[in-house]
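**Q** Build out the structure end to end from the sequences listed, making use of the hints.
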Amino acid sequence: MTPPRALPPEYRQFVDEFNRGWYWASHETLEDAWRRTRSEFYHGLILVASAFVHVQRENAHGVAAQIDKAVAALSAYRPQYLGLDVTRLIDHLREVRTVRHDLTRSEGGARGIARPLLRLEERLVHGTEPELDPE
1 MTPPRALPPE YRQFVDEFNR GWYWASHETL EDAWRRTRSE FYHGLILVAS AFVHVQRENA
61 HGVAAQIDKA VAALSAYRPQ YLGLDVTRLI DHLREVRTVR HDLTRSEGGA RGIARPLLRL
121 EERLVHGTEP ELDPE
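Residue numbers (the numbering used here): 1 to 135.
Okay, derived cross-link-like pairs now, EDC-like style, lysine to aspartate or glutamate, Cα gap no bigger than 20 Å in a straight line:
1. K69 / E95
2. K69 / D85
3. K69 / E40
4. K69 / E58
5. K69 / E28
6. K69 / E31
7. K69 / D91
None of these hints come from the bench; they were simulated from the model.
**A** As structure tokens, this is what we get:
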């Protein structure tokens with residue numbers, strides 16, 4: 001079996017920044033790669049980052065709208081893609097979507113929203129993902 005090619009550096013950086021809670025920075029990091037590749041997977045991840053920017057801003061409507069778009073964009077990549085457990089991420093997003101009504105300042109705001117940690121696992125890389133091909 002051929003080992004999977006190295007994951008794109010922008011993708012790895014996106015995951016690192018996202019996991020640090022730097023959602024806007026992670027969004028910006030992946031945007032150039034998305035524009036270059038037109039990857040719907042990258043687009044979905046950018047929407048996830050955007051949803052959590054809205055969590056930080058306590059904008060319940062923005063959270064719901066971005067999660068809905070992210071789930072639609074990422075659903076085709078289940079169960080896993082490019083080293084990420086997409087099903088797990090979508091399940092988490094759906095949970096966040098159901099509790100977004102807690103995003104009011106009087107109820108403690110965004111503190112009650114669990115943020116996902118994105119884990120890249122080599123065993124979940126197929127090796128055929130178009131994002132692995134250098135441009």
